[in-house]
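*Asks:* Now for the letters of each chain:
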Amino acid sequence: MQAAPAPTLMDSAGVWAALGEIPDPEIPTISIVDLGVVRAVDLSDEAVSVELLPTFVGCPALEVIRAAVEDRLAGVRPRVDVAFSFAEPWTTERITDRGRLGLIAGGFAPPTPGGPSRASSPIVPLDVAVTCPTCGSRRTRLDNVFGPTLCRSIRYCLDCRQPFEGFKVV
Amino acid sequence: MTAGGGLPTPAREGLEALLLALADDELVIGYWDSEWTGIAPMLEEDVAMTSLATDELGHARAFYTLLGELTGRDPDAIAYDRPADAFRHARIVDHPRTDWAFSIARRWLYDTADAVRLEALASSSYLPLAELVAKVRREERYHVMHADSWLRRLAGSDAVARGHLERAWTMLIDDGPGVFAPLPGEAALVESGILPVAMDELAGRWIAQADAVAADLGLTRPRPSTTASRARSRLDHSADFEWLWTEITSVRKLDPAATW
Numbered sequence: 008m009q010a011a012p013a014p015t016l017m018d019s020a021g022v023w024a025a026l027g028e029i030p031d032p033e034i035p036t037i038s039i040v041d042l043g044v045v046r047a048v049d050l051s052d053e054a055v056s057v058e059l060l061p062t063f064v065g066c067p068a069l070e071v072i073r074a075a076v077e078d079r080l081a082g083v084r085p086r087v088d089v090a091f092s093f094a095e096p097w098t099t100e101r102i103t104d105r106g107r108l109g110l111i112a113g114g115f116a117p118p119t120p121g122g123p124s125r126a127s128s129p130i131v132p133l134d135v136a137v138t139c140p141t142c143g144s145r146r147t148r149l150d151n152v153f154g155p156t157l158c159r160s161i162r163y164c165l166d167c168r169q170p171f172e173g174f175k176v177v
Numbered sequence: 042m043t044a045g046g047g048l049p050t051p052a053r054e055g056l057e058a059l060l061l062a063l064a065d066d067e068l069v070i071g072y073w074d075s076e077w078t079g080i081a082p083m084l085e086e087d088v089a090m091t092s093l094a095t096d097e098l099g100h101a102r103a104f105y106t107l108l109g110e111l112t113g114r115d116p117d118a119i120a121y122d123r124p125a126d127a128f129r130h131a132r133i134v135d136h137p138r139t140d141w142a143f144s145i146a147r148r149w150l151y152d153t154a155d156a157v158r159l160e161a162l163a164s165s166s167y168l169p170l171a172e173l174v175a176k177v178r179r180e181e182r183y184h185v186m187h188a189d190s191w192l193r194r195l196a197g198s199d200a201v202a203r204g205h206l207e208r209a210w211t212m213l214i215d216d217g218p219g220v221f222a223p224l225p226g227e228a229a230l231v232e233s234g235i236l237p238v239a240m241d242e243l244a245g246r247w248i249a250q251a252d253a254v255a256a257d258l259g260l261t262r263p264r265p266s267t268t269a270s271r272a273r274s275r276l277d278h279s280a281d282f283e284w285l286w287t288e289i290t291s292v293r294k295l296d297p298a299a300t301w
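As they're listed, the protein sequences go chains A and H. Count along the first sequence starting at 1, add 7, and that's the number in the numbering used here. Count along the second sequence starting at 1, add 41, and that's the number in the numbering used here.
In case anyone wonders, no lab produced these hints; they're calculated from the structure. Cβ coordinates follow ideal geometry from the N, Cα and C atoms, glycine included. Some clues are possibly wrong.
As the list claims (entries may be wrong) - Output of the computed footprint for chain A on chain H, the stretches with three or more beta carbons under 8 Å from beta carbons of chain A:
1. 83 to 90
2. 98 to 112
3. 174 to 182
Only chain H is shown next, with the shape it has when bound in the complex (with noise of 0.2 Å):
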């Protein structure tokens, strides 16, 4: 028996996109930031990183298990048996995580995304999403912090640490509103209030605030993307991640049957 059987077939299209793209995102970050694990700057850092990504990974899987409950899906199949090219993460998680202000910026920016996302989603239709997104939220506030602090403490320092953030702010700036790309179905779930707002007023919300911290610290001054390169974004995936995706299936791929 799966879940959301009362819902019209565009409105259920568009729930799955919407919940595998939440789910990709996190997933996808996740993994990335587990890298630093090891080798971060601090050690403070070190413990703080694999905390964030922990939580990210948490949240894929919460995420996933939404998903499987509406296609019958085991959430385990759904993240790992499918090829690269099935991904819909946006393309701001898709790069590898580079230096640590690449990292702290892509954080950042993908962070404040989120919540603003996930502030439309705590109102959604949809009880089990909307359910979900209230605890998601909770913890997410210290991800935000985390970076918030972290990039004003690159911004304010020294110009070796200011040239680090101001590259990497420059190359993820136009990436931000990716995590807002149209989805399929879309007008289907803003009609049955799964998606409470539309992806294009939260990307405006987004921009507003990433411009005004921008304005704040001296950085470059975001660009808004393009629609049609916001369109591609789910689509479009990097070498990086081709690696990536053949790490985080390996284990799996060893024996998809077995069980832990």
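Isolated chain A (complex conformation) (with noise of 0.2 Å):
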């Protein structure tokens, strides 16, 4: 009788699929990865190393996101280390097509594309049409430019008459 075959390693292709499988801790409908978070993953024998990009400074969520990947990723190879960094900020430009639409049908409006890349612009236009992500109107007017997390305005639609909540261009 044969032994069984030993278990393939994971490659780097597998990891970014399993990182694919976790949730933002809080909108269940967009991936990390689709979120733009995941940087770069390294995989050598000892080690599966993944690089995460803070969506925002003072998020409470990091820790969960970190302790999530750690989890998923357990057994992977003998090391698992995931760190944040700030090798290049993360953008609400990072956030992928996919991404976009699991967050309205998360029931939150995507962040407006095209927003202001560069740093060193002083304001964010905050006079742009957003459309509900319930009823799909562009009726919509900006109630707080800040909400009850760091990366969420607070908005309501004038035809559904719905609050929904949109991502902050950043």
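Assembly of the complex is requested from the two constituent chains, each provided in isolation within its own frame, with the hints serving as guidance.
*Replies:* So, in structure tokens, the structure goes:
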């Protein structure tokens, strides 16, 4: 009788796929990969290293995301290193098209695309039309650029009369 | 293993002082403004102040983390395990939140000064700092927008609102340049490019900006602080700050070894 084949070591594509199964801690309809939080994955025989970008520096969910990545990749290699870095700033432009659809499915308005990409631009335009994720109307208003989390603003739809949250452009 | 191993001692000491100043400024204003939670004049400002304060505390933690990487110390220990007189925040954030106009005027004066400081540090030769600053600046934009909007709202309102704002502006305007108080080891910082622009020049840029806005709104014009008052700015703390220090260190003191 043949011995069972040795288990195949997960490759880079496999790690990215595994990370794609990890949802944002608050928004189950978007993964951390589609949120643009995962910057890089490095694999050797001894270790898998994941580099994450903080969405907002003060985000309280960062440690939850780190723990979720460590848990998901446990056993993939003898050592699992997960670290946050500022090698480049996380911006809302990193959210993928699939991620944007996931945000809408979760009841959130995605960030206005093409926002000011240079940090030196001193203002972020607020008078932009945002589509209601519930009914699709563009008759919405901004009630508060700040919201219950660092990444979201509070908006209201004048047609379906639902409040909703939209991602802050950063 | 600590970071910054290649830095000569004067530049390294200057960098530690700079990071501590950045971190302490953000920590202290973050805690003061967090007090508005539950009691802000409007519900939406309750949400705004909480969000702003959370941003500031997050920025503080990130600066303490950079300092921890240089010194080999835990960031929480750096922040909380020291006496009140070891804090190095600028006097402008030393004051309690006082009233709404005071908090708004203080946020405007501090956040615009911070923006001038961060703009210079964006090209710091110390890469970990330049990278963090690039991220922090993107978030701080919303802070200045909020403060500016409220400053104009109060200035353009009735005599009661303008009176509160004028009083606050008069009390705070001399403290603004203290954000740019000369740091120990600053010469080495400038020479090494860690601080690309000297604090003196940054103070001048900020004073010009504050002066222009004050003129635009018809507020009392700022008078630049003397060098002496700028030098003492990060060393003198009020009884109000002593009270805050007791509050913010009280939980950790219950059990310094606790893990969460």
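*Asks:* Now tell me if each hint is right for this structure.
*Replies:* Hint by hint, here is what the structure shows:
no. : hint       : result
1   : 83 to 90   : holds (count 3)
2   : 98 to 112  : holds (count 5)
3   : 174 to 182 : holds (count 7)
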